[in-house]
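Student: Sequence:
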Amino acid sequence: MAAYRPPAVVLLLVLVLAAGGCGSAAPTAAPLSSDSSGRPATPAAPTVLSSGLVAPWGLAFLPGGDALVSERDSARVLRIPARGGAPVEVGRVAEARPAGEGGLLGLAVSPSYAVDSTVFAYVTTATDNRIVRFRLGGPTQPVLTGIPKGTIHNGGRLAFGPDGSLYAGTGDTGNTAFAQNPASLGGKVLRMTANGAPVGGASSVVFSIGHRNVQGLAFDDAGRLWATEFGQNRFDEVNQVQAGDDGGWPLVEGPGDGGGRFAAPKVTWPTDQASPSGLTVLNGALYVAALRGERLWRVPLDGRGGTGQPEPMLQGRYGRLRAAVAAPDGSLWLLTSNRDGRGQPGPDDDRLLRLTV
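Count the sequence shown with this note's numbering and you get residues 1016 to 1372, in order.
Honestly, the hints are just simulated from the structure, not real lab data. Just so we're clear, the structure is a prediction, and the values are computed from it rather than from any experiment. Heads up, a few of these hints could be off.
[Claimed, not checked] Derived DEER-like restraints, expressed as beta-carbon distance ranges:
#, residue 1, residue 2, range
1, Gly1259, Asp1287, 28 to 38 Å
2, Asn1196, Gln1156, 41 to 51 Å
3, Gly1238, Val1130, 22 to 32 Å
4, Ala1212, Ile1167, 41 to 51 Å
5, Val1105, Gln1257, 34 to 44 Å
6, Pro1285, Pro1096, 30 to 40 Å
7, Val1130, Val1103, 16 to 26 Å
8, Gly1153, Gly1321, 20 to 30 Å
9, Ala1192, Arg1098, 42 to 52 Å
10, Gly1152, Gly1080, 11 to 21 Å
11, Asp1178, Val1063, 30 to 40 Å
Where a beta carbon is used, it is the ideal one built from N, C-alpha and C, also for glycine.
Construct the entire structure; sequences and hints are all you get.
Tutor: Here's what the structure looks like:
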């Protein structure tokens, strides 16, 4: 009798198991990486929610899950459905005068939006950078004026903190003297009420000084404020910012901070790996949108104010990344920035991406 020959499918299964497989096809996504606790990070598999955006900058969520997106150069405010789709223009900020890195920048939705229907925006005008508020489709009202403007380093991120205060990241506009000058609003993290006044009896809206260009602000579960900052030639930074901190710019850059006088950064990268813009906290980690680095950085948090080893995601896949925001459904939404004059846009750029992490 002839020897039994198992079917080809059985032989294939045996070979897969012998190689340590589980019978599934080989993955096409990037290999899994692990955080400081050894838990694997989810492989990157974003979906495109909307495309054809023009240099989008700010991203904020309405209570129902729809998103608002600002376009830097058109000064349009767009509404994008929670499940994605074509953007709908719901307003324009008339006083915006886009030039260089300035224009309509960050957005923040009022924590009391269900009652006041108010949105806040950081905008470059003919005379300054300022924070304004408005209802969708309506005129703006100034909240805080007199932030220095420039063709570069305008900062621009807005975020409401767990204390209900509005925080803003500003830039030195290329004039490094602004950063260490407490009388200037440039090169700072600012904290204010929704009306633009200092909080809790403070004499100024200046929360911290010594920053070059803050474009990311986010709060962790313990209420700590984190910020991303562009370096000059050597190091980009992630900082944990407390009231009264001095980040050290322009006297120091990167890990040379510290020594008692200056607040030391928690994370640094060479500038070609980051140019960190948007920042959010999700599932115990910071997610940092990198422009020049063309990747998403995941920075594990240890729950005590420390950070683990940063992990790159989406490297080289979507170009420049401007914004990263945790969505109400627990996903991560990202904006590309390939049509900002420094990227290499594809036919669908710019895009709004959704990533499940």
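Student: Taking the hints in turn, state whether each one holds.
Tutor: Quick rundown of the hints versus the structure:
no.	hint	in the structure
1	Gly1259 - Asp1287: 28 to 38 Å	32 Å, holds
2	Asn1196 - Gln1156: 41 to 51 Å	28 Å, violated
3	Gly1238 - Val1130: 22 to 32 Å	23 Å, holds
4	Ala1212 - Ile1167: 41 to 51 Å	29 Å, violated
5	Val1105 - Gln1257: 34 to 44 Å	36 Å, holds
6	Pro1285 - Pro1096: 30 to 40 Å	39 Å, holds
7	Val1130 - Val1103: 16 to 26 Å	23 Å, holds
8	Gly1153 - Gly1321: 20 to 30 Å	44 Å, violated
9	Ala1192 - Arg1098: 42 to 52 Å	48 Å, holds
10	Gly1152 - Gly1080: 11 to 21 Å	20 Å, holds
11	Asp1178 - Val1063: 30 to 40 Å	36 Å, holds
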